[in-house]
Structure formats: structure tokens, C-alpha cells
Amino acid sequence: MKDTSNRSKAYKVFSMIVLIILALLFLFPLYWIVTGAFKTGQDIYATTPAWLPSQWTMDNFAKLFDRRSAPLFEIGALVGPTVPGAIRWLVNTVFMAVAAMLLTCITAAMAGYALAKKRFIGRAILFSLIVCAMALPKQVILIPLLKEMSALNLYDTLWAVIFPTVGWPFGVFLMKQFSEGIPGEILEAARVDGASEWRTFSTIVLPMVKPGIGALAIFTFINSWNDYFMQLVMLASNSKYTISLGIATMQAETSVDTGLLMAGATLAAVPIIVVFLVFQKYFTQGITMGAVKG
Amino acid sequence: MAKQPKSAMSRALVRRETISGYLFLLPSLIFFVGFVIIPMVICIVNSLTDANMNTQGLGNFVGLKNFIDLWKDDTFLEALKNTFVIVIVSVPTVCAFSLWVSSAIYKLNGKLLSAFRCIFYLPVVTGSVAVTVVWKWMYDNYTGVFNYVLKSTGLIEKNINWLGDSKYALWCIILILFTTSVGQPIVLYVSALGNVDQSLVEAAQVDGATNFQVFWKVKWPQMMPTTLYILVITTINSFQCFALIQLLTSGGSGTNTVMYYIYYTAFKLTEKAGHFGYANAMGVILAIFIGLLSALQFKLAKEK
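Residue numbers (our numbering), protein chains in the order written: chain A, 1 to 294; chain B, 1 to 304.
For the record, the hints were derived by calculation from the structure and aren't laboratory data.
Wrong hints could be hidden among the right ones.
Keeping only pairs whose Cα atoms sit at most 20 Å apart, straight-line, the calculated PhoX-like set for lysine-lysine is [claimed, not checked]:
{"hint": "1", "chain 1": "B", "residue 1": "LYS268", "chain 2": "B", "residue 2": "LYS107"}
{"hint": "2", "chain 1": "A", "residue 1": "LYS210", "chain 2": "A", "residue 2": "LYS117"}
{"hint": "3", "chain 1": "A", "residue 1": "LYS147", "chain 2": "B", "residue 2": "LYS81"}
{"hint": "4", "chain 1": "B", "residue 1": "LYS219", "chain 2": "B", "residue 2": "LYS302"}
{"hint": "5", "chain 1": "A", "residue 1": "LYS281", "chain 2": "B", "residue 2": "LYS111"}
{"hint": "6", "chain 1": "B", "residue 1": "LYS302", "chain 2": "A", "residue 2": "LYS12"}
{"hint": "7", "chain 1": "A", "residue 1": "LYS12", "chain 2": "B", "residue 2": "LYS111"}
{"hint": "8", "chain 1": "B", "residue 1": "LYS167", "chain 2": "B", "residue 2": "LYS81"}
{"hint": "9", "chain 1": "B", "residue 1": "LYS81", "chain 2": "A", "residue 2": "LYS12"}
{"hint": "10", "chain 1": "B", "residue 1": "LYS151", "chain 2": "B", "residue 2": "LYS167"}
{"hint": "11", "chain 1": "A", "residue 1": "LYS210", "chain 2": "A", "residue 2": "LYS281"}
{"hint": "12", "chain 1": "A", "residue 1": "LYS281", "chain 2": "B", "residue 2": "LYS107"}
{"hint": "13", "chain 1": "A", "residue 1": "LYS9", "chain 2": "B", "residue 2": "LYS81"}
{"hint": "14", "chain 1": "B", "residue 1": "LYS151", "chain 2": "B", "residue 2": "LYS217"}
So the derived label-pair ranges between C-beta atoms look like this [claimed, not checked]:
{"hint": "15", "chain 1": "A", "residue 1": "VAL192", "chain 2": "B", "residue 2": "PHE67", "range": "25 to 31 Å"}
{"hint": "16", "chain 1": "A", "residue 1": "LEU154", "chain 2": "B", "residue 2": "GLY252", "range": "43 to 49 Å"}
{"hint": "17", "chain 1": "B", "residue 1": "LEU108", "chain 2": "A", "residue 2": "VAL278", "range": "43 to 49 Å"}
{"hint": "18", "chain 1": "A", "residue 1": "LEU24", "chain 2": "B", "residue 2": "ILE88", "range": "49 to 55 Å"}
{"hint": "19", "chain 1": "A", "residue 1": "VAL83", "chain 2": "B", "residue 2": "LYS107", "range": "16 to 22 Å"}
{"hint": "20", "chain 1": "B", "residue 1": "LEU155", "chain 2": "A", "residue 2": "PRO53", "range": "38 to 44 Å"}
{"hint": "21", "chain 1": "B", "residue 1": "LEU292", "chain 2": "A", "residue 2": "LYS12", "range": "52 to 58 Å"}
{"hint": "22", "chain 1": "A", "residue 1": "LEU24", "chain 2": "B", "residue 2": "ALA203", "range": "38 to 44 Å"}
{"hint": "23", "chain 1": "B", "residue 1": "THR75", "chain 2": "A", "residue 2": "PRO53", "range": "52 to 58 Å"}
Short, incomplete list of chain A residues facing chain B, as computed with Cβ under 10 Å [stated by the list, open to error]:
{"hint": "24", "residue": "PHE28"}
{"hint": "25", "residue": "TRP32"}
{"hint": "26", "residue": "ALA99"}
{"hint": "27", "residue": "VAL166"}
{"hint": "28", "residue": "PHE229"}
{"hint": "29", "residue": "VAL233"}
{"hint": "30", "residue": "ALA268"}
Ideal Cβ positions, reconstructed from N, Cα and C, are used throughout, including at glycine.
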């Protein structure tokens with residue numbers, strides 16, 4: 001008995017050590033991006049890696065902001081002040097992710113409630129269609145999507161990236177899972193009291209599925225921010241680029257300036273990581289709920 | 001809906017439920033049908049035509065010609081082979097690794113647990129482009145940390161051109177894909193392990209079962225639905241591996257995959273320049289493979 005408890009203690013210590021090493025390895029690329037952004041060319045091209053910048057420099061960021069410039073925003077005739085292109089990319093990315101998030105949350109909350117609580121004709125078929133669509137790789141439909149977007153005159157606008165994200169049925173599925181938990185009696189009572197459908201939804205259902213909406217919001221925001229393939233196919237002009245796409249093109253243009261790329265990568269990664277860390281509780285919940293009845 | 005509405009009252013109720021149900025669904029359906037279902041249908045129809053970038057409308061119907069051509073296209077077959085190597089290697093390793101990590105961390109206290117969970121999730125959040133540019137540097141022939149560390153520990157003698165050598169390139173990509181794939185499974189397994197029925201675990205321990213037996217006989221069967229979900233999402237993810245290929249090797253050094261080849265065929269200037277029909281045929285094949293694999297995994301999981 002004593003022997004086994006000693007062994008299990010030893011195993012615990014061993015697994016903790018392995019875990020810590022693994023965690024450090026997983027953190028390393030991020031560490032390398034951020035420190036790389038502040039390194040001088042000499043440090044970056046050293047054959048013996050400089051584990052810390054021997055001299056912290058802002059040159060890489062200066063170079064990044066010194067490239068092409070663009071107006072901060074363009075809404076119709078309204079044109080913002082001129083800023084470095086990289087800032088414009090960031091503005092585009094935030095706009096895209098926020099718009100995708102808001103539209104997804106609104107449409108999915110409504111649809112999820114209907115699928116969970118309404119007994120309407122065609123519900124079963126619709127739900128299986130949604131589940132099947134979720135299992136298909138999104139990228140497969142990118143080419144027809146591209147043609148559709150040019151037919152709708154949306155090609156090379158951020159909407160071409162936003163709309164397909166909203167259409168992706170994961171959100172509806174997730175919100176259905178959350179809406180299942182609403183007790184039927186409450187809805188029944190609201191109906192007996194003569195509340196309209198919309199009132200029932202906005203005053204009873206919405207507050208109850210709030211955690212689900214939080215989860216979906218953060219999930220959509222991060223996925224949309226990082227959906228590089230869609231951005232690559234749909235966006236063509238430099239002023240429409242997202243930050244990911246901008247760095248990817250920079251890499252193609254200047255494949256040797258590693259410091260510049262790291263500065264760009266820092267700009268792309270740090271904001272989204274901060275968002276993730278702040279909202280990670282919701283995020284974990286969303287991932288788990290989506291799988292409950294996977 | 002299984003029961004027929006008996007009175008006029010409940011028939012009116014059904015009608016009311018149907019109308020309001022569809023009204024609530026309408027905004028979502030517009031996007032779902034418009035930007036998922038319609039493109040899917042176009043994809044299938046297009047795969048049977050010779051449509052290209054400049055074709056107006058649907059192009060000429062050519063039957064299964066695109067599919068037959070694909071089986072004679074060596075580049076496609078190689079891409080298909082690579083895709084399968086990626087899936088076959090990464091899916092089991094991701095599953096096993098995340099299961100081990102989760103079982104090692106799920107009993108830790110709240111702060112430590114969420115710290116570990118976050119760290120393993122970070123590569124996903126960082127975004128494929130940022131992750132790719134830094135790994136490209138780490139793999140670099142002269143200034144990369146890989147060559148430095150391996151050389152100073154004496155594991156290799158000469159610098160290796162990791163991404164330029166077809167012996168290593170695909171494995172390098174699988175490694176990056178691995179680090180960006182384990183985050184979600186770990187989150188899922190941690191919560192599944194936390195939800196295991198404790199009374200069963202205690203009963204087994206009272207009967208003298210070892211930790212090992214408790215894990216495989218009691219916990220593992222209860223986590224089967226989670227495992228299945230993880231298998232499916234990891235498979236889909238691995239099939240879709242694109243950014244890594246495009247940014248690291250552009251499909252060179254024996255790393256072409258179906259996803260990259262679709263992109264290449266549709267958007268790059270080749271002899272098949274902008275051949276949308278051909279690219280869509282590949283998309284259809286990819287979708288069929290993913291569908292089959294998911295179905296197979298479901299079946300295997302059910303039998304257990």
C-alpha cells in the first residue's frame with residue numbers, strides 16, 4: 001500500500017515537471033514573437049540566438065508604421081485622417097470581428113431559441129441540415145462564395161468576410177444547446193399572460209441565455225480575427241487588408257526582414273490574446289457546451 | 001409533432017408555433033442559406049462543369065470528367081497522400097496528448113488549472129499567420145533556434161534546411177499543426193473528466209481497482225462522446241491545414257495538400273489557370289472524405 005502511494009506521488013511530481021516543460025515550450029513561440037519585435041537586426045540574424053534582446057529597439061515598429069499609409073477609415077464619402085497602413089489593417093480587423101460577432105450573436109440567439117423551444121414543421125430536417133453543414137470544411141465552398149460575392153458587388157469589401165462567418169451554423173447550434181435549458185413552464189406562463197412572442201424572447205429568453213451569448217461572442221470574435229484563408233480570398237486591395245493578411249503579404253514581399261515581421265505579428269497577436277485572457281471564462285464554457293451533444 | 005393535433009385549438013397553436021418559429025429563424029436562415037447552402041450547391045454543380053475564372057454562368061456540363069482527370073493528376077494524388085499523412089499522424093497524437101495533459105491537470109486548483117489550459121490554448125488564439133511567421137524563423141537554416149539547439153546538444157552535426165528538405169518539411173508542418181490543435185481538446189477533456197460520475201469511481205475504488213483500471217474501465221467509457229467530438233473536429237482541422245502550407249513552403253518540398261492545391265488551381269496562374277470546375281471537384285472529394293471519416297468515427301464509437 002505504502003509502495004503504491006509513493007509511486008503515485010513520484011508520478012505526480014514527474015508529470016508536473018513534464019507539464020511545466022511543455023507549457024514553456026508552448027509559450028516559446030509567443031515569447032519569440034514579442035522579443036523578436038524589439039530586437040536589432042544584429043540579434044535577429046545572430047547564429048547564436050539572443051535569448052533576450054541585447055538592446056531593446058523600436059526600429060521594427062518604426063519600419064512597420066513607416067510603410068504605406070492609408071486613411072483611418074472610409075465610410076462612404078467620410079474619410080478619416082491618414083495613418084500608417086498597419087493601423088488601418090488593425091481598424092479593419094476590429095471592425096470585421098465586431099460586426100461578425102454582433103450579427104452572429106443576434107441571429108443565432110433568435111434561431112437557437114426557435115430550434116430549442118418551438119415545435120414547428122420542418123424543425124427536425126432543418127436541425128440535421130445544420131449539423132451536417134457544421135461537419136463540412138468551410139474552405140471547400142470558398143470558390144463559389146467568391147463568385148457569389150463578386151455577383152453581389154461585395155468582393156474586396158469586409159462584408160464578404162463577415163457574411164459567411166455569420167452564416168456558419170455553429171452559433172445556431174451552440175445557442176440551441178443553451179436555450180434547451182429554459183424551462184417550458186416559464187414560456188407557457190408568459191403566453192398565458194398574453195406576452196407577445198418578441199416580448200417573451202427579449203425579456204425572458206435573452207437574460208437566461210446570456211452566458212451562451214457571451215461564449216458565442218468571444219468565440220466568433222477570435223475565430224473571425226484569425227480566419228486567414230477567408231480574408232486571403234475575399235480581400236484584394238491593401239487598404240482593405242486585415243492585420244493577418246497584411247503580415248502575410250509583407251512576408252511575401254520582404255521575406256528577409258524578420259524583425260519587421262515580428263513587429264507585425266506582435267501587433268496582430270497581442271490584442272487578440274488580451275481579449276482572450278479577459279474573457280476566457282466564457283470561452284471555455286462555449287467550447288464545452290458546443291460539444292455536449294456533438 | 002409525432003402526435004396529430006386533435007382539436008382546432010391545438011392546430012391553431014401548431015400554426016402559430018410554425019409561423020413564429022420561422023420568423024425567429026429568418027435572419028439566421030438568410031445568412032445560412034445565402035452563404036453556406038447556396039455556395040455548397042454551386043460547388044457541387046460547378047464540379048461537373050468546365051467553368052473557369054472568366055466563365056459567366058455555369059459553364060459547360062462535362063459530367064464526371066473533372067473527377068476522372070483528378071485521378072490521373074499526379075500532383076493531386078500526392079496532395080491527397082500528404083493530406084492523409086497529416087490526418088493519420090496528427091489526429092491520434094493530438095487526442096492522446098490532450099488526454100494525458102487533461103488528466104494531469106484537471107484536479108489542480110482553479111488558478112493553476114486555468115493557467116495551464118490557457119497556455120495550451122494560446123497558439124490557437126495567436127492566429128495562424130503570427131504563428132507561422134515565427135515558426136518559419138525558428139526553422140530557419142542559419143538563424144533558427146532549432147538548428148542551434150540541436151547542434152549545441154550534439155543531436156545533429158550540420159544545419160538542416162528544415163522547410164526546404166522534403167525529408168523533413170511535412171513533419172515540420174505537422175509539428176506546428178499539432179501545437180495549434182491541442183488547445184480545444186484539452187478544454188473539452190478537462191470538463192469531461194470533471195463530469196465523470198464520482199459515485200462509480202468510488203465504487204470501483206472500494207472494490208480495489210487501481211487508478212489505471214479506474215481510468216480505463218470507468219472514466220474512459222463515460223468520456224466517449226467527448227472523444228468522438230474531438231476526433232471529428234481534429235480531423236476536419238487537419239484536413240483544412242492551409243495557412244501553414246501557403247506561408248511556409250507554398251506547397252513545395254513535398255508538402256502540397258488538397259486544400260492548398262484547391263487554392264493553387266483556382267487562384268494561381270498555372271496551365272489550369274483559374275479552373276474553378278476542377279478546383280470544386282477537389283472540394284467535393286475532400287468533403288466526401290471528411291464525411292466518410294466522421295461517419296466511420298461515429299460508428300466505431302457507437303460499437304464501443
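Query raised in the report: Checked against the structure, which of the hints given earlier come out wrong?
Result: The structure conflicts with hints 1, 3, 6, 9, 13, 14, 15, 16, 17, 18, 19, 20, 21, 23 and 26, although it agrees with all the remaining ones.
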